[in-house]
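My request is simple: use the sequences and hints to build the entire structure.
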Amino acid sequence: MQIIQSLLNGILLGGLYAMVALGMSLVFGIMKLTNIAHGDLIIVATYICMVMAVQFSGNLLLAVLITICFMMLIGFLLQTFLINKVLDKGPEPPLLVTFGISITLSNILLLVFGADARYIPNTLKTINIVNTEHFSISAIYLLNFIVAIVVICTLHYIMKNTFFGRSIRATADDVTTAELMGVNTKRIYSYTMCLAMVISSIAGLLVGMNYTYYPSTGTEYLIYAFGVVVIGGMGNQMGILLGGIILGIAQLMGAYFFGTGYQLLAGYLVLLIILTIRPQGILSKATRR
Amino acid sequence: MTNDNVLLAIDKLNVHYRQFQALYDVSVKIKKGSIVSIIGSNGAGKSTLLNTILGINRPTSGSVTFMDQRIDGLPTNRIAAKGLSMSPEGSRVFPNLTVKENLLMGAYIPQARKNKEAMLEKAYDLFPVLKEKSKQEANYLSGGQRQMLAIARAIMAGPKILFCDEISLGLAPVVIKDIYKKIQEINDEGITIVLIEQDVKRSLKYSDYSYVILKGNIVMEGKSSELPVEEVTDAYFGENKYAIY
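Those sequence lines, one after another, are chains A and B.
Numbered by the numbering used here, the letters in the first sequence go through residues 1 to 289 in order.
Numbered by the numbering used here, the letters in the second sequence go through residues 290 to 534 in order.
By construction, these hints were calculated from the structure, which means they are not laboratory data.
The beta carbon of each residue, even a glycine, is placed where N, CA and C say it ideally should be.
Keep in mind that the hints are not guaranteed to be accurate.
Output of the computed footprint for chain B on chain A, the stretches with three or more beta carbons under 8 Å from beta carbons of chain B [to be verified]:
id: 1; stretch: 161-169
id: 2; stretch: 182-190
id: 3; stretch: 248-254
What follows is a set of in silico ranges between Cβ atoms, one per label pair, in the way DEER data are often shown [to be verified]:
id: 4; chain 1: B; residue 1: Asp467; chain 2: A; residue 2: Ile158; range: 34 to 40 Å
id: 5; chain 1: A; residue 1: Phe99; chain 2: B; residue 2: Lys494; range: 56 to 62 Å
id: 6; chain 1: A; residue 1: Gly90; chain 2: B; residue 2: Asn331; range: 26 to 32 Å
id: 7; chain 1: B; residue 1: Phe309; chain 2: A; residue 2: Thr219; range: 45 to 51 Å
id: 8; chain 1: A; residue 1: Asp88; chain 2: B; residue 2: Asp467; range: 36 to 42 Å
To list a few chain A residues with every Cβ distance to chain B over 12 Å, as calculated [said to hold, decoys possible]:
id: 9; residue: Ile11
id: 10; residue: Tyr119
id: 11; residue: Leu124
id: 12; residue: Tyr214
Right, dumping it as structure tokens:
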């Protein structure tokens, strides 16, 4: 019954992938910015989390809260003083700026922490919540999935029911008209980046608890995020969860049928197929403007 | 016209789009509580004037004074917060927000947020169809309903002055009549209104004072009831009128 185990792990892993992609999807959906530095920002959060976990003798909740504060500050400063300045200058300058941020961040990490593999120590990795003869559910995988659902639902609630969320969506729809309503759209962009950083901090913690990481791991997660966003549709939160799950299942099914060496390839093949038949993403409507 | 009666004064405004000059020394005074129409053909500079007042375009020279404060040079969101509202050309509702969410966006500025529920009721009273459709996305509204939504959204802010950019564009005559009736109701509550129109007769009928704009110049102004339709039409078309007839 190995296949059930693979399927189950794929779904739960999808939660982690959704978390990794959510911030990127949010930023793209609101300000049409492809944030190349997204993966590196997640890994920066992972490193901060690791340091904080050591400071607070393994209290991960406290560590992630402090990390969120740090990352919000970093996101706000980057958006306000770098990205906002180039956003209305066409598509290439913002792309180059985020590319520059990406290189800078990964090299700062290399300088401070060295090139060694790290991971955030935790006991969840060794615990199985459910243990039957056919399959088992590991605590850390279940945590990934639950956190993803909680974060996505919270984000959905904020976007639907608060003045802040509505103004974000209005800005995404029509910048000039949002300004006419009294919305400072540049400020909204900065806050959106902060929101993306809150999500990325949590994603960073999960990444560090699940896998080992290096200063250069960011790029890998950037590609996962791209994959999920392409599958799920740009700027669509529910689609992101679905996209994460599809990517997770595709990878683990690939590993099951063809061997572990094919895990990543299988994920990208599914991505390619979806890109061919539904380029707008699974849950997005074709053209809405 | 005494000075404290003037809500908005535009003085010698010049606006350029790169090399092209869109407005030449435009001066307009808008009295508190009045309905003023700005009449002109396509490309005469009506929308440019409005966009400059609201800070979407920047003037090259001249001033815009609102309640004795210079507002030219301020960013659009700060101008909006001072009580200048606009129903933009082509309605520009937020397509992915529901009707109610669109209206709530209208009450975004701090002083409007406090009594948003009361304003919502008022907007629904003015345009009952919006209440029926309140949970629908604005994307699915008809042209007339979108226009109503844009106007209702603009008054949600509790503005001192409301700019209506071509609110009759592409609508059926019955709908236009209905919308103009509502505009008068809004004016009766003390909100000053600026109408931008292409239709000469309609503009004169629904306004107190009119300006005619041609190729970026104010070529005629006067009380709407005293301006003869023929002369306004001549001014409207300028020397090209025979080419059109």
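Going down the list of hints, with the structure as the test:
Check result for the stretch 161-169 of chain A against chain B: holds, 4 residues qualifying (beta carbon to beta carbon below 8 Å, three or more required). Counting residues of the stretch 182-190 of chain A whose beta-carbon sits less than 8 Å from any beta-carbon of chain B gives 4, enough to reach three: the coverage restraint holds. Counting residues of the stretch 248-254 of chain A whose C-beta lies closer than 8 Å to any C-beta of chain B gives 0; at least three are required, and the coverage claim is violated. Between B:Asp467 and A:Ile158 the CB atoms are about 37 Å apart, so this pair conforms to the stated range of 34 to 40 Å.
Range check, A:Phe99 to B:Lys494: about 58 Å between beta-carbon atoms, so the 56 to 62 Å window is met. In this structure, A:Gly90 and B:Asn331 meet the distance hint of 26 to 32 Å, their C-beta atoms being roughly 29 Å apart. Roughly 46 Å separates the CB atoms of B:Phe309 and A:Thr219, a value that falls within the hinted 45 to 51 Å. A hinted range of 36 to 42 Å for the beta carbons of A:Asp88 and B:Asp467 is consistent with their spacing of about 38 Å.
Distance to chain B confirms A:Ile11 as a non-interface residue, since its nearest Cβ pair spans about 29 Å, more than 12 Å. Distance to chain B confirms A:Tyr119 as a non-interface residue, since its nearest Cβ pair spans about 41 Å, more than 12 Å. For A:Leu124, the non-interface assignment is confirmed: its Cβ lies about 39 Å from the closest Cβ of chain B, beyond the 12 Å cut-off. Every CB of chain B lies more than 12 Å from the CB of A:Tyr214, the least distance being 40 Å, so the non-interface label holds.
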